[in-house]
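2 protein chains.
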Amino acid sequence: MLTIGKLGIAAGVKVPTIRYYEQIGLLPTPDRSAGNQRLYNAKAQHRLAFIRHARDLGFPLEAIRDLLSLSDTPEQYCAAADVIATEQLSAVKARIARLTALQAELERMITQCAKGTIADCRVIEVLSDHELCGEGHGARTATRCAP
Amino acid sequence: MLTIGKLGIAAGVKVPTIRYYEQIGLLPTPDRSAGNQRLYNAKAQHRLAFIRHARDLGFPLEAIRDLLSLSDTPEQYCAAADVIATEQLSAVKARIARLTALQAELERMITQCAKGTIADCRVIEVLSDHELCGEGHGARTATRCAP
DNA sequence: TCTTGAAGCTATAGGTACTAGAGACATTAG
DNA sequence: CTAATGTCTCTAGTACCTATAGCTTCAAGA
Ligand SMILES: [Zn+2]
Ligand SMILES: [Zn+2]
Ligand SMILES: [Zn+2]
Ligand SMILES: [Zn+2]
Chain A
1 MLTIGKLGIA
11 AGVKVPTIRY
21 YEQIGLLPTP
31 DRSAGNQRLY
41 NAKAQHRLAF
51 IRHARDLGFP
61 LEAIRDLLSL
71 SDTPEQYCAA
81 ADVIATEQLS
91 AVKARIARLT
101 ALQAELERMI
111 TQCAKGTIAD
121 CRVIEVLSDH
131 ELCGEGHGAR
141 TATRCAP
Chain B
1 MLTIGKLGIA
11 AGVKVPTIRY
21 YEQIGLLPTP
31 DRSAGNQRLY
41 NAKAQHRLAF
51 IRHARDLGFP
61 LEAIRDLLSL
71 SDTPEQYCAA
81 ADVIATEQLS
91 AVKARIARLT
101 ALQAELERMI
111 TQCAKGTIAD
121 CRVIEVLSDH
131 ELCGEGHGAR
141 TATRCAP
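Going line by line, the protein sequences match chains A and B. Quick note on numbering: UniProt numbering labels position 63 of the first sequence as 63, and the sequence is numbered without any gaps. Quick note on numbering: UniProt numbering labels position 4 of the second sequence as 4, and the sequence is numbered without any gaps.
Be careful, since some hints might not be right.
No copy labels: a pair is met if it fits in one copy or bridges any two.
Unchecked claim - Straight-line Cα separation of at most 20 Å, SDA-like style, residue types lysine to any residue; simulated pairs:
hint, residue 1, residue 2
1, Lys-115, Asn-36
2, Lys-115, Ala-80
3, Lys-93, Ile-110
4, Lys-43, Thr-86
5, Lys-43, Ala-119
6, Lys-115, Glu-75
7, Lys-115, Pro-74
8, Lys-6, Thr-17
Keep in mind that the hints were calculated from the coordinates and are not lab data. A quick note: this is a predicted structure, and the numbers were derived from the prediction, not measured.
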């Protein structure tokens, strides 16, 4: 049986985070020592490691909640788990696409700056007027004002 | 002079967001009509468009605050603005790198799944044990438990 | 002119995933 | 035994909004 601090070290999770996971019901309420301190068994350690790993892979806590309940029913088909992972992959891909567009815009504005005064700074200029952007990132509507 | 709704449409920003920006001091307090409704001039519209565009490029609000105050002093050197943009570029690059690693891991675990039961699902298996991952994403500490 | 519906007002609370701090109790090493 | 560290509960804060409730104001049609 581990105290919360040891468990945190073992799983690479900070102590308040463990208590938070317990609070939101992601970890079951553990046994307590005579002095009211939390004591964790190997099962809890596995569960926390699972959560931690899924968080490292970017899964949101709600998805992790679903994955955990799936992993508690090993005889079921795994399609639901694969759906969650596939959705996460889509989300990651979408974020990469968006960030790559942003990267291009940022690089362009930075390299075009002549390093003079604010009045001539290409960074400020482009931020003031999306028309100066390449077609990369999606401003949901026009940010250009009437001249 | 525009009401808040028209301004929101013109700049592509939702009405509560405009009020929020005012609340945190990113937009100045506008004039009010006789009936206490906010009225915006072209200057405010430009400022909001600037904020919106910078948000679209992923700048955090604090960085935008700095960029706005820089753009109000056009005779200064633009080095500070370029630093902010360069930092943002670095942040974007770092996120892309991390997400790309996650993408690889997710793709691997999904394609390796045999579409059977949870007990054999590669997705659940890999989440349970970071050792099954490629060296891609960084788990900050071991998530593997003693057997 | 009256009415109705949309738009605006304030204030508060919620969402995500934690993190930090205060003040009190428990455990452990020397 | 004492001092240092660990743990307890509770609250509040981070970033960036979004949603709701209950009210007032405005613009247009009958
Ligand atoms: Zn510049
Ligand atoms: Zn743009
Ligand atoms: Zn599977
Ligand atoms: Zn891993």
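Structure-based check of each hint:
1. Lys-115 <-> Asn-36: neither (62 Å within a copy, 44 Å between copies)
2. Lys-115 <-> Ala-80: between (54 Å within a copy, 10 Å between copies)
3. Lys-93 <-> Ile-110: Classified as between: cross-chain Cα gap 14 Å, same-chain 26 Å, threshold 20 Å.
4. Lys-43 <-> Thr-86: For Lys-43 and Thr-86, the Cα distance exceeds 20 Å both inside one copy (27 Å) and across copies (46 Å).
5. Lys-43 <-> Ala-119: Between copies only: 17 Å across, 62 Å inside.
6. Lys-115 <-> Glu-75: Between copies, since 12 Å is at most 20 Å while 64 Å is not.
7. Lys-115 <-> Pro-74: Classified as between: cross-chain Cα gap 13 Å, same-chain 61 Å, threshold 20 Å.
8. Lys-6 <-> Thr-17: This pair counts as within: shortest intra-copy Cα distance 13 Å, inter-copy 44 Å.
Of the numbered hints listed earlier, those contradicted by the structure are 1 and 4.
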